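Trainee: Sequence:
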Amino acid sequence: MPPVQNTHSRSPGMRALWLLAPGQVISWGTLYYGITFLAQPIQTSTGWSLPGIFGAYSAGLLLAALCAPLAGQLLARHGGRWGLSLGSVLASLSLAGLAAASGPYTFLLAWLLAGVAMALTLYEAAFTALHEFAHTEFRRAMTLLTLVGGFASTVFWPLSYWLEGLWGWRLTLLGYAALHVLVCLPLHRALPRVVPAVAATEVSPADMPWMQMLRSPAYWGLAVAIGMTALLGGTLSAHAGLLLADRAVSPTLIMLSVTLFGPMQVAGRLLDMLLAQRLSVRWSGYVAHLMLPTAMVLLLLAKQAPWLAVLFACLYGASNGVLTIVRGMAPAELLGSANYGVALGWVSAPGLFARALAPAMAAYGLAQWGGSATLLGLTCLGVLGWAAFVFAYRARPATAPLHRVQAKQT
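Positions 57 to 466 (my numbering) are the ones given, in order, by the sequence shown.
None of these hints come from the bench; they were simulated from the model. All of these numbers come straight from a predicted model, not from anything done at the bench. Note that the Cβ used here is the ideal one computed from N, Cα and C, for glycine as well. Be a bit skeptical, because a hint or two may be false.
Derived CB-CB ranges, DEER-like [stated by the list, open to error]: (1) 428 to 74: 42 to 52 angstroms; (2) 420 to 330: 20 to 30 angstroms; (3) 105 to 330: 25 to 35 angstroms; (4) 304 to 134: 47 to 57 angstroms; (5) 319 to 417: 40 to 50 angstroms; (6) 238 to 293: 45 to 55 angstroms; (7) 156 to 335: 41 to 51 angstroms.
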C-alpha cells in the first residue's frame, strides 16, 4: 500500500509561501527596520544631521507609495517571480549604494532606489505573488506569511545593533545587500512561472479594469480606511513612548507596553487564522478597525489609571496584526480577483504615503497641541477609518460568484 502523501503541504500556495517567507523577513528587516539602529552611527561617522538621514529614509517611503500602483500592474502582468526578483536586485543595489554613500545627496539617491525596491519586495508584492498560487488557501497562506514576516524587527533590530558594533555601519549594509542576492533572489527565482489559462470573458463582473476601479466608491472607502489606519499606526510606531510618557505612565509600564506590540500582532493573526472559517474578512475588518479607536480611548484614560496602557498595547497590537490580513484580502473581495495585483497596488498607495508622513505630522501635533489633543485626533482617525471600511463593503458592486483565475505552472 503506497504511503499517504501530504498534498496540502505540497500545494502550490504552500510552496510559494515558504519561498516568500524568508524574503519578507530580510526585506522588512533591511529596508524598513534597519535604519533604527544604524542612523545614530551614520550621523556620528559622517556628521550628517539626523533629520537629514531620516528625511532621506522618508523620501524612500514616499517614492515606494508613488510606485505602488505601477508595481502592482507590473506584478499582475509579469508575475511575482519576475517582479520580486527585480525587487531583490534593486534592494541589493540600494543597500550597497547606502554603504558607499559619500555625501547626503548620494545617500538620498540610494534611499530613493530603496523605495522602488520596497514597492517590489514588501508585503504588497508578496501578497500579489501568493495570490497567484494559493487560491482557496489564500487567507491562511497570507496569515502564515505575515506571522513569519512579523519577526523581521525581532531579528534585525538586535542584528543591526550587534553587526554595527562589530563591523561598522557600512559593512553591515553591505552584508544586508549580500543577503538579497544570496538568499532572496534565488528564492524568488524559484517561484513557478504562472500563465493565465482563462479568457477575460470568464472573469467575474467584479474584476474591473483599473480606471473603472478608481471610479468605484468601494475603492475610495477602502483607500481612506487604509490611509487613516496607516496614519494612526505610523504615529504610534514613531511616538508611542512619548505618548505613553505624556500619560504619566511609569518607564517600566512604558517598556512593557511597547514590548507587547509585536507579540500581540502575532496573537491577533493566529486568532484570525483560527477563526477564518467562522469569521469573514468583512467582519474581521469591522472588529479590528473598531479596536483602534478603542485602544486610543484607553490610552487617553491611562493618565487616571496607568495600567490601562497595557490593555491599550494589547488591543492596538492585535488590531494591527489582523488589519494586515484584512488589507491583503479586502481588495480581492471588493474590487475583483483577476486584477488583484493592480487593485492592491492602488489601495496600498494612500497607506504608504500616510506611513511616511505620519511621524513628522505627529511630531508637529505633539509640539503644537500636546499629547491629549493628539490622542483625540488619533481616535478620530480610527473612527473615520472604521466608517470608511464599513462604507467600502456597503458600496461594493453586486457581483456574481467570483470565478477564480486558474493558472498552469511551467
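Trainee: Against this structure, judge whether each hint is valid.
Mentor: Here's how the hints hold up against the structure:
1. Between residue 428 and residue 74 the beta carbons are some 46 angstroms apart, a value that agrees with the proposed interval 42 to 52 angstroms.
2. Roughly 41 angstroms separates the CB atoms of residue 420 and residue 330, a value that falls outside the hinted 20 to 30 angstroms.
3. Roughly 47 angstroms separates the CB atoms of residue 105 and residue 330, a value that falls outside the hinted 25 to 35 angstroms.
4. Between residue 304 and residue 134 the beta carbons are some 54 angstroms apart, a value that agrees with the proposed interval 47 to 57 angstroms.
5. Range check, residue 319 to residue 417: Cβ separation about 28 angstroms, and the 40 to 50 angstroms hint is violated.
6. At roughly 30 angstroms, the beta carbons of residue 238 and residue 293 sit outside the given window of 45 to 55 angstroms.
7. Under the hint 41 to 51 angstroms, the C-beta atoms of residue 156 and residue 335, about 49 angstroms apart, fit the expected range.
Hints 2, 3, 5, 6, counting from the list given before, are not met by this structure.
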